[in-house]
Amino acid sequence: MAVYEQTYRRYTGALTPRWSRFLVLGRYAWSEVFASRFFIAVFAVSFVPVLAVAVVLYLRSNLEVLESLGMFGFVNNLQIDGRWFLYFQRIQGGFAFFLTLLAAPGLVSPDLAHNALPLYLARPFKRWEYVLGKMTVLLVLTSAVTWVPGLLLFFFQVQLGGSEWLTEHARIAPAMLLGSWVWILVLALLGLALSAWVRWRTVAAGLLFAVFIISRALGVILNLSLDTVWGSLVDLRTLITVVWEGLYYGQAAGDTIPVWSAWAALAAVCGFCLLLLRAKIRAYEVVR
Amino acid sequence: MSEPAATSTPQPVHAPVLELDGLEVRLGGRPILKGLNGSLSGRAVGLLGPNGAGKTTLIHTLLGFFPVAAGTARIFGYDVRSGSEELRAQLGYMPESDAFIANLTGVRFVRLMAEISGLPPSQALERAHEALFYVGLGEARYRKIGSYSTGMKQLVKLAQALAHGPRLLFLDEPTNGLDPPARERMLQLIRDIKETREVHVVLSSHLLRDVEICCDEVLVLKDGHVAVTADLEAERRANLRLLELEVRSAAGIGPRSDFLEAVQRLGCEVAADGRRRLRLVLPDEVEVIDLYRLAAERRIEIRRLSHKRDSLEDIFLKAMEGDVEKAREAGVGHPASLLPPPDPGAGTPATGTERPEGGTDGRL
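In order, the protein sequences belong to chains A and B. Anchor point for the first sequence: position 83 equals 82 in numbering that gives the first Met the number 0, and the numbering is continuous, going up by one each time. Anchor point for the second sequence: position 63 equals 62 in numbering that gives the first Met the number 0, and the numbering is continuous, going up by one each time.
Check the hints yourself; a few may be wrong.
[To be verified] Label pairs and their computed distance ranges (CB to CB):
#  : chain 1 : residue 1 : chain 2 : residue 2 : range
1  : A       : Val147    : B       : Gly28     : 43 to 53 Å
2  : B       : Gly28     : A       : Ala112    : 53 to 63 Å
3  : A       : Ser30     : B       : Ser40     : 38 to 48 Å
4  : B       : Pro180    : A       : Val147    : 54 to 64 Å
5  : A       : Arg281    : B       : Pro179    : 28 to 38 Å
6  : B       : Pro180    : A       : Ala267    : 51 to 61 Å
7  : A       : Ser35     : B       : Gly28     : 39 to 49 Å
8  : B       : Pro179    : A       : Val147    : 50 to 60 Å
9  : A       : Ser142    : B       : Ser81     : 28 to 38 Å
10 : B       : Ser81     : A       : Leu159    : 55 to 65 Å
11 : A       : Leu131    : B       : Ser40     : 32 to 42 Å
[To be verified] Heads up, simulated DSBU-like pairs for lysine-lysine below, C-alpha to C-alpha not over 35 Å straight-line:
#  : chain 1 : residue 1 : chain 2 : residue 2
12 : B       : Lys143    : A       : Lys125
13 : A       : Lys279    : A       : Lys125
14 : A       : Lys125    : B       : Lys152
15 : B       : Lys152    : A       : Lys279
Just so you know, the hints here were simulated from the structure itself, not pulled from any lab data. All residues carry an ideal CB built from backbone N, CA and C; glycine is no exception.
Start from the sequences, fold in the hints, and give me the full structure.
Spelled out as structure tokens, the structure:
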């Protein structure tokens with residue numbers, strides 16, 4: 000089908016490996032996401048806490064620098080432990096949420112709104128590959144601001160604090176990694192599922208935001224009105240907090256739901272999102 | 000890190016393009032396709048039928064979008080129930096409704112689709128440019144698809160269906176929403192694609208003319224059943240030997256018996272239809288000029304001579320028998336906009352292939 004010949008010819012060249020084709024979607028979606036300057040700004044800002052924590056860790060191990068800056072008392076009193084890293088994870092988890100809020104609605108809803116799915120699925124390309132391809136963008140973005148810098152900071156602190164600190168706080172690294180991945184998966188699945196459900200980018204973003212606000216409010220109302228802690232099962236923010244605390248400390252802090260129930264509730268949320276994606280990500284929906 | 004193209008893998012030899020073997024599809028509990036049977040081997044196969052007959056459902060089932068309830072269908076010998084990726088790699092699909100990614104440029108969109116089909120990025124880009132030039136969107140390929148006109152969106156759908164070099168192309172109502180020039184261009188493209196002999200085409204349409212000028216085989220669906228399958232090429236060849244004549248003798252009356260006898264002696268089968276009209280089948284060794292010679296010898300004027308027209312329309316009418324009658328009796332005209340208004344002068348419904356009234360075939 001060369002241009003000068005203006006005729007059709009079949010393609011007989013080499014093909015890319017079958018397993019790698021879902022990455023094509025991720026690559027295209029990645030460039031779409033980074034076409035927004037606002038997104039780039041938010042992404043850049045999400046690294047500010049990482050830099051700040053790195054600076055604090057450095058200063059705390061270099062007392063003479065700290066003294067010269069006149070911050071000895073403030074920084075030296077900080078305890079670099081699980082609580083410190085959990086606090087860092089919460090901040091970065093918030094950035095991961097905002098990045099998902101900006102990126103996820105634009106991944107699936109435009110394809111559904113313009114009926115592009117039949118074009119993908121008429122090819123040797125499966126539905127799960129489509130979801131995985133789109134999800135790759137979210138997984139990479141949110142990983143970049145959560146567990147990747149978290150682990151880098153952890154190993155930075157190991158370098159500064161030595162083996163004694165590592166022995167005492169060895170639990171932090173797996174807790175950071177697993178806790179971040181739970182949060183990333185919940186965010187990615189929720190973002191994609193809501194985007195597929197409403198098919199309208201702005202509404203999907205609003206809905207994702209509302210899910211966290213409404214679930215929080217509903218959880219508090221249930222807890223107060225029924226004088227129980229089980230209302231927190233519908234509060235996504237509390238659920239992930241309990242899971243993180245369980246990972247860092249072995250149990251949740253304060254009077255709240257058991258850790259196992261938070262895991263189960265988050266698994267149910269992920270399962271529901273997968274069911275929603277299964278129903279919506281198809282070439283054509285059958286109207287009954 | 001690359002795989003060979005699908006073309007290099009062993010494929011069933013001499014398999015028909017499309018085989019339907021008791022294919023049944025149920026959607027939402029309702030039977031949509033009811034035991035379709037048939038085997039089609041044409042370079043371009045037309046799917047005809049009124050709205051709701053099951054054309055699009057058949058295409059979607061062949062593409063694996065809908066599950067098969069019973070029976071099966073095979074494309075190039077591959078069972079569609081297997082969901083074979085090797086088969087999918089050989090298919091191109093142009094859907095009926097709008098289908099695109101609005102915020103991508105034409106070339107980026109087509110490249111994406113080619114890459115999803117397995118082409119390496121550089122090859123996909125090259126093929127995307129070529130496909131867009133081929134369909135006539137070369138100048139618009141850097142514009143976002145959201146800004147394209149309806150006709151351009153149809154063309155970019157065709158380009159994405161072609162870019163990865165399929166062996167079978169499904170075109171679902173490709174001329175929908177096109178103005179006459181764009182429609183002609185689309186039909187010309189489809190004919191060009193077919194004539195390259197590199198790809199088979201399955202064209203679904205409710206427009207007889209689109210199928211008639213593009214396809215050499217047709218499958219007519221009616222209410223989820225196969226109403227008829229026909230080889231249009233064979234019909235066309237047969238039609239060249241089937242003539243309608245309107246004759247007048249010098250005295251102003253119809254054909255005299257000596258003319259009829261002379262025509263029969265040539266070996267023609269003749270049927271007189273009214274006072275002036277004759278229908279006859281020419282044997283292979285007899286040419287039309289022989290009829291003129293006989294007429295001249297007997298001072299008979301051949302006022303009108305035409306080959307039998309609208310074979311597809313005849314096939315379709317026969318397939319839809321009953322529905323058409325009901326529609327006409329009710330004064331509705333034509334079921335599901337399939338038929339143009341009847342032409343009282345010609346006695347048969349008119350189509351785009353109608354020849355000038357009173358003229359003769361251009362071959363004479």
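Here's how the hints hold up against the structure:
1. Between Val147/A and Gly28/B the C-beta distance comes to about 49 Å, which sits within the given range of 43 to 53 Å.
2. Checked against the hint of 53 to 63 Å, the pair Gly28/B and Ala112/A fails, with Cβ atoms roughly 28 Å apart.
3. As the Cβ distance of Ser30/A to Ser40/B is approximately 44 Å, the hint placing it in 38 to 48 Å holds.
4. Between Pro180/B and Val147/A the CB atoms are about 56 Å apart, so this pair conforms to the stated range of 54 to 64 Å.
5. Taking the beta carbon of each, Arg281/A and Pro179/B are about 36 Å apart, inside 28 to 38 Å as hinted.
6. For the hinted restraint 51 to 61 Å between Pro180/B and Ala267/A, the CB-CB distance of approximately 57 Å keeps it satisfied.
7. Hint check: Ser35/A to Gly28/B, Cβ distance near 44 Å, so the stated range 39 to 49 Å holds.
8. A hinted range of 50 to 60 Å holds for the C-beta pair Pro179/B and Val147/A, which are about 59 Å apart.
9. A beta carbon spacing of about 37 Å between Ser142/A and Ser81/B agrees with the range 28 to 38 Å that was offered as a hint.
10. A beta carbon spacing of about 59 Å between Ser81/B and Leu159/A agrees with the range 55 to 65 Å that was offered as a hint.
11. In this structure the hint that Leu131/A and Ser40/B lie 32 to 42 Å apart at CB holds, the actual value being about 39 Å.
12. Taken as a hint, the Lys143/B and Lys125/A pair is honoured in the structure, with Cα atoms around 26 Å apart against an allowance of 35 Å.
13. At most 35 Å may separate the alpha-carbon atoms for a hinted pair to count; Lys279/A and Lys125/A meet this at roughly 14 Å.
14. For the hint linking Lys125/A to Lys152/B, the alpha-carbon distance of about 25 Å falls within 35 Å, and the restraint holds.
15. The straight-line distance between the Cα atoms of Lys152/B and Lys279/A is roughly 24 Å, inside the 35 Å bound, and the hint therefore holds.
Going through the hint list in order, the structure does not satisfy hint 2, though it satisfies all others.
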